[in-house]
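Protein chains in written order, with my numbering: chain A, 1 to 131; chain B, 1001 to 1131; chain C, 2001 to 2131.
No wet-lab data here; the hints were simulated from the structure. Beta carbons are placed, not taken as given, at the ideal position from N, Cα and C, and that holds for glycine. Any given hint could be a false lead.
Said to hold, decoys possible - Each pair of labels, with its calculated beta carbon distance range:
#, chain 1, residue 1, chain 2, residue 2, range
1, A, Met1, C, Lys2102, 49 to 59 Å
2, B, Ile1020, C, Val2126, 18 to 28 Å
3, A, Leu32, C, Ala2094, 38 to 48 Å
4, B, Ser1131, A, Ala36, 40 to 50 Å
5, C, Ile2076, A, Met1, 27 to 37 Å
6, B, Tyr1017, C, Leu2032, 28 to 38 Å
7, C, Ser2131, B, Leu1130, 33 to 43 Å
8, C, Met2090, B, Leu1130, 23 to 33 Å
9, C, Val2119, A, Phe129, 24 to 34 Å
10, C, Val2126, A, Arg104, 28 to 38 Å
11, C, Glu2044, B, Met1027, 25 to 35 Å
12, A, Ala13, B, Lys1031, 36 to 46 Å
13, C, Met2001, A, Gln42, 43 to 53 Å
Stated by the list, open to error - Reference listing, derived: stretches of chain A covered by chain B, where coverage requires no fewer than 3 residues with Cβ under 8 Å from a Cβ of chain B:
#, segment
14, 1-7
15, 33-46
16, 55-64
17, 115-127
Listed below, chain by chain, are the residues.
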Amino acid sequence: MITMKYTVLITIAALVYTFILGGRVGMRRLKLGVDAPAISGQTEFDVAFRIHMNTIEQLVLFIPMLWIAVTVIGDIWAAAIGAVWIVGRMIYAAGYTADVNKRRPGMIITLLSTAVLTVMSLWGVVQAFLS
Amino acid sequence: MITMKYTVLITIAALVYTFILGGRVGMRRLKLGVDAPAISGQTEFDVAFRIHMNTIEQLVLFIPMLWIAVTVIGDIWAAAIGAVWIVGRMIYAAGYTADVNKRRPGMIITLLSTAVLTVMSLWGVVQAFLS
Amino acid sequence: MITMKYTVLITIAALVYTFILGGRVGMRRLKLGVDAPAISGQTEFDVAFRIHMNTIEQLVLFIPMLWIAVTVIGDIWAAAIGAVWIVGRMIYAAGYTADVNKRRPGMIITLLSTAVLTVMSLWGVVQAFLS
């Protein structure tokens, strides 16, 4: 029985989106002839590889923080802030693919989402210690 | 007190197996003289590095999805599908080590396991929204 | 409402510390002119990159194991062993930055922390199966 249904849905969406970014790396390998186990070789491949890797790096911070924050701010708010994270990642991937120097706006949106979840989580911990 | 004991056991096994793949990378460093911080240099090292890294990429999708799915399909089924993931990773590592082109069957088994967990998780979310 | 407040606090600290290590990689990019999407180029950058990446590799094992172990050994003990993990990562980062060959002590402290959490988790699983 699923509780926190909105936050579960956002979690699944974040995981599926990260999976799709990984699939793009595999497709770029085939298209550009960057044979495994190489992890660089052509800029178009390298960009797809970094988009995926950077999203993994952010995902492993985001998912635990989301699930701490949900116990503090509830299902709807956690899911809303989590949705911003996914949008940030989409803007990051689109920007980075268009131009390496356009990767920052999406990155900043991602980081703001995780930062808000972190502040809310710390607020919950402070409350727990004070109560 | 541990509940969901089968799924906990599968989680521990997946984490320990991923740790072992990381240990192999360290041993290949010593054996082949690929000194840190290099992350490539010789094919035998590169293959071990990619097996570990790819397993990390899959693990961060698998573990959260497993623990969403377990609330929908219960301990035994989640653990059974999770066991397939671990077997897929073992076939992936063995295949990739033997021949770069033999990495796909294990990869597909891994992805099928995660895909089934994803579909079950989404089914649980749909039920939660309808109820 | 946060329960397990000490372990939540340690989790947040581990995530924030990993985030800081990622920020260092971005700053090294700017300082040393290692433009994205490159992931190597100068030793000072490569070392910061590996410190971050290795910490991600350890984090994805540590966080799930910490939250299995907390159900077996309780909040205070899990948090205490988790604090050792963070200290180990700090020693690892400082050692690796000073000298590539000084990365091992921090690595060993990290691994010992995760190993203790693993043994405690397995002990909990055995108890669950026997009870």
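Taking 8 Å as the C-beta cutoff, is the stated coverage of the segment 55-64 of chain A by chain B satisfied by three or more residues? Result for this restraint: holds, n = 4.
Met1 of chain A paired with Lys2102 of chain C, Cβ distance criterion 49 to 59 Å: holds, 50 Å
Distance restraint hint 24 to 34 Å, applied to the beta-carbon atoms of Val2119 of chain C and Phe129 of chain A: Between Val2119 of chain C and Phe129 of chain A, where Cβ atoms are some 29 Å apart, the hint holds.
Evaluate the given range 33 to 43 Å for the C-beta pair formed by Ser2131 of chain C and Leu1130 of chain B. 36 Å Cβ-Cβ, so the 33 to 43 Å window holds.
Does the hinted range 27 to 37 Å hold for Ile2076 of chain C and Met1 of chain A at CB? holds, 31 Å
Determine whether the Cβ-Cβ distance between Ser1131 of chain B and Ala36 of chain A falls within the hinted range of 40 to 50 Å. holds, 45 Å
Given the hint of 43 to 53 Å, is the C-beta distance from Met2001 of chain C to Gln42 of chain A inside that range or not? holds, 51 Å
Measuring from beta carbon to beta carbon, are Leu32 of chain A and Ala2094 of chain C in 38 to 48 Å? Since Leu32 of chain A and Ala2094 of chain C have Cβ atoms about 39 Å apart, the given range 38 to 48 Å holds.
Quick one: are Met2090 of chain C and Leu1130 of chain B within 23 to 33 Å, going by C-beta? For Met2090 of chain C and Leu1130 of chain B the Cβ distance comes to about 48 Å; the hint is violated.
Evaluate the given range 25 to 35 Å for the C-beta pair formed by Glu2044 of chain C and Met1027 of chain B. At roughly 26 Å between Cβ atoms, Met1027 of chain B and Glu2044 of chain C fall inside 25 to 35 Å, so the hint holds.
Test coverage of the segment 1-7 of chain A by chain B using CB-CB distances below 8 Å; three residues minimum. It holds: at least three residues are needed, and the segment 1-7 of chain A offers 4 whose Cβ sits within less than 8 Å of chain B.
For the segment 115-127 of chain A, count the residues whose Cβ lies under 8 Å from any Cβ of chain B; is that count three or more? violated (count 0)
Checked against the numbered hints given earlier, this structure breaks hints 8, 10, 17; the rest are met.
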